[in-house]
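What follows is the residue order along each chain.
There are 2 protein chains.
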Amino acid sequence: MKALEEKIIREGKVLPGNILKVGSFLNHQVEPAFTMEMGREIARLFAAKKIDKVLTIETSGIPVAFAAAAALNVPMVFAKKNKTSNVSGSVYSTVVHSYTHNTDYNIVVENNYLNAGESVLLVDDFLANGKALVGLIDIVHQAGGEVAGAAVAIEKGFQGGGDILRAQGLQVEALALIESMTDHSIAFRK
Amino acid sequence: MKALEEKIIREGKVLPGNILKVGSFLNHQVEPAFTMEMGREIARLFAAKKIDKVLTIETSGIPVAFAAAAALNVPMVFAKKNKTSNVSGSVYSTVVHSYTHNTDYNIVVENNYLNAGESVLLVDDFLANGKALVGLIDIVHQAGGEVAGAAVAIEKGFQGGGDILRAQGLQVEALALIESMTDHSIAFRK
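Protein chains in written order, with the numbering used here: chain F, 56 to 245; chain D, 56 to 245.
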């Protein structure tokens, strides 16, 4: 998605530890119109597939997942990082390793919100080593659903997670796929 | 908002500790079309005011805040509960007490995303004792902005936070304002 690549070049900032900072429009401040445009692009990329639900993980995947769900006209579910007091009853849960924060955490989805036989599209803001998506895939399989594919706003291709999932046969779409980045330049995969 | 009241009656569940569970459409599973409708209603309620930005706190306020920001055609910023590795530079921060989780936590907003002179609308999914809104008001004032008002999907009026803020002169709008609730019934304020 050309407009996203241009925005990354214009507003993105590379921080130590392979962190790409895009808080001005993606994961701290959010531009609704642009986010809805990303959602429509995701819907277009998965137009050939039946999608019953969009699944993401709190927090920063929520706006783009919401926008994709709006474009697909299906519900969006976000996995929670802790079982809180307003999550009652049985949950699907799994452990995810966060690259950004260098910690392990549980994610949970209440059983009621994912059902057997549903075709689920995974959406997130970033894809790096793919651990978050692997956790979401596990959750969907626990529910007896199937994974229609995964869509992310930005993939850091050099961290390999997306290609591992593609090699397993999953349709993984990145609206911007970064091949390499340094303090001074960001190169996208052709 | 009649449609929201009806949804609360139909799908909401009162849990011990004054928890209203509405995970089927508001804060775990989210219905995009209905959420966008809530966003348009919030925009309508603040049509007389200049709004430059919408501010919420992660996590569950994000969809309705995003929808309100989309309807108002302004950016949405979400305060983060921790300063993470992709938040760099100076931040505004304050401490908030969570009624739901019975803990204190810090919230931070990077300085770049709130500016002096901006008129900011606060949006959240729930309003109970108002501590989250008080924290957001503090953040806006630290930035030199002004608070245009606050809009929430559901206010638990019996917990008093909304009325305290109204008594201070703030325009506080709830799309559904619950006067009382028990295991068996939910009554809305007329």
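Watch out, some of these pointers could steer you wrong.
Each pair may be met inside one copy or between any two copies, as identical chains are not told apart.
As the list claims (entries may be wrong) - Pairs of lysine-lysine residues, derived as DSS-like cross-links and limited to a Cα-Cα distance of at most 30 Å, are as follows:
hint, residue 1, residue 2
1, Lys-136, Lys-245
2, Lys-57, Lys-136
3, Lys-68, Lys-104
4, Lys-104, Lys-76
5, Lys-136, Lys-104
6, Lys-62, Lys-186
7, Lys-186, Lys-136
Don't read these hints as lab results, they were simulated from the structure.
These are the hints, each one checked on the structure:
no.	hint	verdict
1	Lys-136 / Lys-245	neither (35 Å within a copy, 37 Å between copies)
2	Lys-57 / Lys-136	neither (32 Å within a copy, 32 Å between copies)
3	Lys-68 / Lys-104	neither (35 Å within a copy, 34 Å between copies)
4	Lys-104 / Lys-76	neither (32 Å within a copy, 32 Å between copies)
5	Lys-136 / Lys-104	within (29 Å within a copy, 36 Å between copies)
6	Lys-62 / Lys-186	within (26 Å within a copy, 36 Å between copies)
7	Lys-186 / Lys-136	both (14 Å within a copy, 22 Å between copies)
In the structure shown, a violation is registered for the earlier hints numbered 1, 2, 3 and 4, in ascending order.
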